Amino acid sequence: MRIALIRIIFFLVLFLIWYLIVSIGHVPSYIVPSPVLVLDSFYHGFMKGGYLLAIYSSLIRVLTGYFLALSVGIITGILLARYYLLDITFGKIILALQSIPSVAWVPLALLWFGVTDNAVIFIIILEAVLPVALSTKNAMKNIQPNLIRAAQTLGSRGLHLYKNVIIKAMIPELVTGLRLSWAFAWRALIAGELFISGTGIGQTLELGRSLADMAQVMAMIITIGVIGFLTENIFFGSIEKKVRLAWGLEGGN
Amino acid sequence: MIQSKIQFLNVTKHFNNNSTGKSSRKDTVLENLSFEVFAEEFVCILGPSGSGKSTILGLVAGFIKPTLGEVLFNSKSVQRPDGSRTLVFQEYALFPWLNILDNVAFGLTTKNHKNNHAKEKALEYLNLVGLSAYKNHSVSQLSGGMKQRVAIARALAVDPEVLLLDEPFGALDTQSRESMQTELLRLLSKTKKTVLFVTHSVDEALKLADRIIVIGAKPGKILIDTTVAVSKPRDFKNLQLSEIRNKILDKLTHPDIFMGSDI
Ligand SMILES: Nc1ncnc2c1ncn2[C@@H]1O[C@H](COP(=O)(O)OP(=O)(O)O)[C@@H](O)[C@H]1O
Ligand SMILES: [Mg+2]
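For the protein sequence lines, the chains are H and D, in the order given. Position 226 of the first sequence, counted from 1, bears residue number 226 in my numbering, the numbering being contiguous throughout. Just remember that my numbering sits 1000 ahead of the position in the second sequence, which is counted from 1.
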């Protein structure tokens, strides 16, 4: 409770400083808009529905890409864990791919798919597939062999063994991978949307730039940060914590 | 008539160390090993680290296959693990995502042992090891000795014919170790099982075993196979026990056989 209060006061002070600097310093609003203008932009954006639609379209896009990436990533991870030859060849390419930032894929995606949703989804998949593939591979390789042996000697095998032991043992590491993948997907989404047509957070941001509407640009940057924070830290963070607790990887609290 | 439960027929086991990518040197762990274990016998396998004790249990359980020779269970070749031969590990190998009761009930959810009253039956076994009050606890809340009781209850709950224990009390302090040994004997007096118990403590073997098999390392072969015809619980002052102990220690301290032994 006290922490929450301290945070609220901190943000209020921050806004006040921002407001004072802009109004006393006479900074033009196309360079740094006053917080009042940004709030106004939020108000109108949400009331007229433009921002809501943008957020909705972006979420659909990122979820599509993310879930496709998960399916591909989990299967890839399992194959990499099971086939040594695949790991030392294809597995290394994946590691190399991971060092390429998502914007580097934009020109390629635009040439292949045009300025469409598919281009963005393609970029998201490329980015998000890697962490989940790697964490699936590691999770599978790191299962204690004795857990599997114990289960087998108790009569478990086949589907029962997969469902009740192998997948369960993988979950903590997998959740971390899912969270990382989501963070990558979110960043790739925004990078991609700057370049395509249609509605979305990235497009609204880009539109703000072309209209020199700095308040809209700021509003979208804040939106990206808030949604990113809520999903990555609050949503995935609490899942991760619950899982680690349930798996006995962390003590109380 | 004494019935043979487990038979090793000229079993040789190589491990091909290729998978680590380091070398392709063949590691002979067991060579031409033959012995048999009779129904309801409590056999201790004694030997230094790396002598292949865990490998022997893996062969009986069925998740390790012999390179040469054959392992028989009830006169039939061992195929795969199936719940008739359960294994208790030194590091417990409990499922951390299940609570204590569900851990014990695990085997009763498999096809071989499908039981509609899995939870009730699991609770019975948990009661048998004195831990029914902990049924809803998580694994990480238990001490080492308690975890091992749960692991034993889990292994017994499927009512196996053979109970395999791989240095089960090796990670416990002396006091809980001794109470666990007594506890195990008490449990086994209630549920008759054939037991293969791996240890590298001579005194533990002398306290528990109807028969002690001492194996040496590189490659593992039988050095001593002796019956301990002393009734339990045992008094260590017993002359026969001292004799067996001396015989074993003689072999164990032989420098050619037990290099780097941690006994
Ligand atoms: N899966 C395996 N792959 C390669 N080598 C193994 C494997 N399992 C055991 N070994 C080797 O076999 C030898 C005997 O192992 P083990 O049966 O665990 O001995 P013990 O239980 O008596 O300590 C050791 O040298 C060990 O390194
Ligand atoms: Mg061992």
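If you're looking for bench data, these hints aren't it; they were derived computationally from the structure. Among the clues, some could well be false.
For lysine to any residue, the following SDA-like pairs were computed, each having C-alpha atoms within a straight-line distance of at most 20 Å [what the hints assert, rightly or not]: (1) D:Lys1232 with D:Glu1183; (2) D:Lys1221 with D:His1200; (3) H:Lys241 with D:Lys1232; (4) D:Lys1065 with H:Arg157; (5) H:Lys242 with D:Glu1183; (6) H:Lys242 with D:His1200; (7) H:Lys163 with D:Ala1118.
Each pair of labels, with its calculated beta carbon distance range [stated by the list, open to error]: (8) H:Leu249 with D:Asn1032: 43 to 49 Å; (9) D:Gln1175 with H:Lys241: 35 to 41 Å; (10) H:Phe229 with D:Thr1191: 55 to 61 Å; (11) D:Gln1240 with H:Gly158: 34 to 40 Å; (12) H:Lys241 with D:Asn1016: 39 to 45 Å; (13) H:Ile227 with D:Thr1067: 37 to 43 Å; (14) H:Asn233 with D:Glu1178: 48 to 54 Å; (15) D:Gln1175 with H:Ile100: 57 to 63 Å.
Treat the numbers as computed from the prediction; the structure is a model and nothing was measured. Note that CB positions come from ideal geometry on N, CA and C, so glycine has one too.
Outcome of the hint check:
| no. | hint | in the structure |
| --- | --- | --- |
| 1 | D:Lys1232 with D:Glu1183 | holds, 13 Å |
| 2 | D:Lys1221 with D:His1200 | holds, 15 Å |
| 3 | H:Lys241 with D:Lys1232 | violated, 49 Å |
| 4 | D:Lys1065 with H:Arg157 | holds, 17 Å |
| 5 | H:Lys242 with D:Glu1183 | violated, 36 Å |
| 6 | H:Lys242 with D:His1200 | violated, 40 Å |
| 7 | H:Lys163 with D:Ala1118 | holds, 18 Å |
| 8 | H:Leu249 with D:Asn1032: 43 to 49 Å | holds, 45 Å |
| 9 | D:Gln1175 with H:Lys241: 35 to 41 Å | holds, 36 Å |
| 10 | H:Phe229 with D:Thr1191: 55 to 61 Å | holds, 56 Å |
| 11 | D:Gln1240 with H:Gly158: 34 to 40 Å | violated, 49 Å |
| 12 | H:Lys241 with D:Asn1016: 39 to 45 Å | holds, 42 Å |
| 13 | H:Ile227 with D:Thr1067: 37 to 43 Å | violated, 58 Å |
| 14 | H:Asn233 with D:Glu1178: 48 to 54 Å | holds, 50 Å |
| 15 | D:Gln1175 with H:Ile100: 57 to 63 Å | holds, 59 Å |
Hints 3, 5, 6, 11, 13 from the list above are not met by this structure, while the remaining hints are.
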